[in-house]
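Given chain A's structure and the hints, the job is docking chain B onto it.
There are 2 protein chains.
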Amino acid sequence: METTQYKIGIVGATGAVGQELVRLLVKRVFPASEIRLLASPRSAGKEINYEDFTGTVQETAPEAFEGLDIVIFSASGGISKELAPEAVKRGAIVIDNSSVFRLDDDVPLVVPEINGDALAEHKGIVASPNCSTSIAMMGLYPLHRAFGLKRFFASTYQAVSGSGAEGMEELEKQVRAHVAGESLAKEVYPHQIAFNLIPQVDSFMDGGYTREELKMLYEGRKILGLPDLKASTTCVRVPVMRAHSMSINAEFERPVDLEKATAALAEFVGSEVIDDPETQSYPMPIFYEEKVKCGVGRIRRDSALENGLAFWIVGDQLWKGAALNAIQIAEALVERGLISAKVDSV
Amino acid sequence: METTQYKIGIVGATGAVGQELVRLLVKRVFPASEIRLLASPRSAGKEINYEDFTGTVQETAPEAFEGLDIVIFSASGGISKELAPEAVKRGAIVIDNSSVFRLDDDVPLVVPEINGDALAEHKGIVASPNCSTSIAMMGLYPLHRAFGLKRFFASTYQAVSGSGAEGMEELEKQVRAHVAGESLAKEVYPHQIAFNLIPQVDSFMDGGYTREELKMLYEGRKILGLPDLKASTTCVRVPVMRAHSMSINAEFERPVDLEKATAALAEFVGSEVIDDPETQSYPMPIFYEEKVKCGVGRIRRDSALENGLAFWIVGDQLWKGAALNAIQIAEALVERGLISAKVDSV
Chain A
1 METTQYKIGI VGATGAVGQE LVRLLVKRVF PASEIRLLAS PRSAGKEINY EDFTGTVQET
61 APEAFEGLDI VIFSASGGIS KELAPEAVKR GAIVIDNSSV FRLDDDVPLV VPEINGDALA
121 EHKGIVASPN CSTSIAMMGL YPLHRAFGLK RFFASTYQAV SGSGAEGMEE LEKQVRAHVA
181 GESLAKEVYP HQIAFNLIPQ VDSFMDGGYT REELKMLYEG RKILGLPDLK ASTTCVRVPV
241 MRAHSMSINA EFERPVDLEK ATAALAEFVG SEVIDDPETQ SYPMPIFYEE KVKCGVGRIR
301 RDSALENGLA FWIVGDQLWK GAALNAIQIA EALVERGLIS AKVDSV
Chain B
347 METTQYKIGI VGATGAVGQE LVRLLVKRVF PASEIRLLAS PRSAGKEINY EDFTGTVQET
407 APEAFEGLDI VIFSASGGIS KELAPEAVKR GAIVIDNSSV FRLDDDVPLV VPEINGDALA
467 EHKGIVASPN CSTSIAMMGL YPLHRAFGLK RFFASTYQAV SGSGAEGMEE LEKQVRAHVA
527 GESLAKEVYP HQIAFNLIPQ VDSFMDGGYT REELKMLYEG RKILGLPDLK ASTTCVRVPV
587 MRAHSMSINA EFERPVDLEK ATAALAEFVG SEVIDDPETQ SYPMPIFYEE KVKCGVGRIR
647 RDSALENGLA FWIVGDQLWK GAALNAIQIA EALVERGLIS AKVDSV
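Chains as they are written, first to last, in the numbering used here: chain A, 1 to 346; chain B, 347 to 692.
In case anyone wonders, no lab produced these hints; they're calculated from the structure. Since this is a predicted model, take the numbers as computed values, not measurements. Cβ coordinates follow ideal geometry from the N, Cα and C atoms, glycine included. Incorrect hints may have been included.
Said to hold, decoys possible - In the EDC-like style, the derived pairs of lysine to aspartate or glutamate whose C-alpha atoms are separated by at most 20 Å in a straight line are: (1) A:K260 x B:D552; (2) B:K519 x A:E182; (3) B:K639 x B:E677; (4) A:K186 x B:E624.
Stated by the list, open to error - Which chain A residues face chain B? A few, computed with CB under 8 Å, are given here: (5) F153; (6) H178; (7) S183; (8) L217; (9) P277; (10) R298; (11) D302; (12) L305.
One chain only, chain A, in its complex shape:
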């Protein structure tokens, strides 16, 4: 039996997430008859190689979407807003990593392990959540299923990969400058990030929360289908390369049981439990680069909440936080028969 093959486009192919999208399509053997690499004019002509795959970057433009079945957007919100409809118009399903469509009623916001069923209602665009939100959900969802999530407090420890390849370069450069005894230059962040913490991710909104902090609340509500969920998040950039971590205190409707909580997290397809005080085992960001699952540890009854649990969760920002979730959406669209290839292989 021949497998249907799809023509897939990647907008923002030269970025940190774009590169991971290419790698994951190859690694996970996505049935692609074409991977079309799209980026800004200044990247056009650049070659991207990964294992057997070789491709040349083309300029992103409406005509560049012709013939594609799926287009994954991982550029700016502005690019998504302008060009996603052009891709849809040409018959492609868009999987968008930007924030512009996430809260649209017409656009499913999907973490496949949680609300894959929402994919059936897509009207051409499917949104992939904010990176911190996707990772937080990997811990909150299995606990929600077990005890009914009511409210949570999250403090994030976010890696520089969240600012793209430039963020990672800036941390590396600052650390090298420190060792060389030179002054530390800032280009990506408003403040030094090496040996420092920046308690701001994304821009400030009314009420004093940042956009990133509010995403956790509003996107979380939509993904979990809990319009009354309460949350308060503080997002902090830390000098870590590419895995995000979070400290979460969560309150539930029903009494919590520690064994049941641990089992729920261990059995959930998106998370694994690393939690052994005796061997000082817990998830840490250096061990979660290029991991499909998010790691949960430090699971304990919360000492300040009636039906509460405190835990620590870590996940690869570039993978579950972005590229992997987008690829998983593409895979789910295929598995659920929600996409048909324009040209089938014979």
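Quick look at chain B alone, frame taken from chain A:
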């Protein structure tokens, strides 16, 4: 008029906190006729110089306390337990930085700006709180006075100075090894700290919280005089040199007012407010090394608590978290006339 001069001893004088104790005594012109440097036998004979001060380290032993008016202990809990009573027996007041006496009913646990009155009840030993606790209190106390603290959630971002000079050296060495392309050696921490996060500070206790996390609750209750206070803390070591940061969600008895909260924090002697979204201003650890006050920012109404505030606080672990608070206790003992010098200057 002649000022009374005191003979002061420092146990653990060669450690990171010990060095800051010497510097702060000199910097703050503490009325000391003698600063006696005490440490382990292997440090005996070592010279410590700071500005006009020069001293030679002696071995810590009961007889070394003879003639001293104040002894500040900043070594291990074991040393404090064994030798603090010896110093008291010889007529000195002990200010102890270790955790061994902090929860004793006979020992005041003091942050002078908060509960200096408790000093009057000392029976020879005064305890200085855990570093994260002291810093958290600088934000929580003024807000407690304004609105009545009921409960809080804290996630810490703790600097390596909390593990002493060795912790700082380990981070520096690991960063240098990374830049040199060498493998990263671990001596102080069970896991790599450069480019990583370790969600464990101090040892694990029953219930899954660490000792450090429980200190925030139990020491906080004692300092604030709130036996029913609830708190849930997650303590995390981050690759930052010497200022601790915390993300706190606090719930109060009375309705909160943002302007009043900010004013309370700005007017309190122990804290300052750095909080301007427009200029991306908030406290950050690199700017809080060698600062007397703790910095509070990101102050906002908490979106998940009825009468709640979320905020971010940063303070120098070696100063307000340890050495400075101990010196402030010594200063308060003098100001309040709770100590008399064995030999007055004439």
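Results of checking the hints against the structure:
1. A:K260 x B:D552: holds, 18 Å
2. B:K519 x A:E182: holds, 17 Å
3. B:K639 x B:E677: Roughly 16 Å separates the two Cα atoms, so the pair holds.
4. A:K186 x B:E624: holds, 19 Å
5. F153: Holds: closest Cβ of chain B sits about 5 Å from F153 (chain A), inside 8 Å.
6. H178: holds, 7 Å
7. S183: violated, 13 Å
8. L217: OK, holds: L217 (chain A) within 8 Å of chain B, min 7 Å.
9. P277: holds, 4 Å
10. R298: Holds. Min distance 5 Å.
11. D302: Because about 5 Å separates D302 (chain A) from the closest Cβ in chain B, which is inside the 8 Å limit, the hint holds.
12. L305: holds, 7 Å
Of the numbered hints stated above, the single one contradicted by the structure is hint 7.
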